[in-house]
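Undergrad: Sequence:
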Amino acid sequence: MSLRKRLFRLLASINRALLPKLWSKDLLRLSPIQKAIVGYRYWVTRNAL
1 MSLRKRLFRL LASINRALLP KLWSKDLLRL SPIQKAIVGY RYWVTRNAL
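The numbering of the sequence shown is our numbering, which starts it at 1 and goes up by one.
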């Protein structure tokens with residue numbers, strides 16, 4: 001496994017532990033900060049797979 005993939009998997013595990021889960025909420029009604037968190041989590045998850 002490459003170093004980049006390991007880094008993103010580590011970030012994904014940290015995200016699961018620290019950041020709130022916002023998927024159950026209506027994504028159109030989130031605040032800009034919450035949208036940024038969702039986008040960041042998506043980006044990390046996409047790169048970890």
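Derived from the structure by calculation, the hints contain no laboratory data. Worth double-checking, as some hints may not be accurate.
Lysine-lysine pairs mimicking PhoX-like chemistry, simulated, CA-CA at most 25 Å apart [as the list claims (entries may be wrong)]:
#1 K35 / K25
#2 K5 / K25
#3 K5 / K21
Computed spacing ranges between beta-carbons, pair by pair [unchecked claim]:
#4 R6 / G39: 19 to 27 Å
#5 L3 / R29: 20 to 28 Å
#6 S2 / Y40: 15 to 23 Å
Glycine included, each C-beta is placed from N, C-alpha and C at the ideal position.
Undergrad: None of the hints should be skipped; say for each whether it holds.
TA: Tested hints:
Between K35 and K25 the alpha-carbon distance is near 11 Å, which keeps this suggested pair within the 25 Å criterion. A hinted pair counts as satisfied when its Cα atoms are at most 25 Å apart, and K5 with K25 does not qualify at roughly 29 Å. The straight-line distance between the Cα atoms of K5 and K21 is roughly 22 Å, inside the 25 Å bound, and the hint therefore holds. Checked against the hint of 19 to 27 Å, the C-beta distance between R6 and G39 comes to roughly 22 Å, which is consistent with it.
With their beta carbons about 38 Å apart, L3 and R29 fall outside the hinted range of 20 to 28 Å. Restraint check, S2 to Y40: a C-beta distance of roughly 21 Å satisfies the suggested window 15 to 23 Å.
Hint check: violations occur at hints 2, 5; the rest are consistent with the structure.
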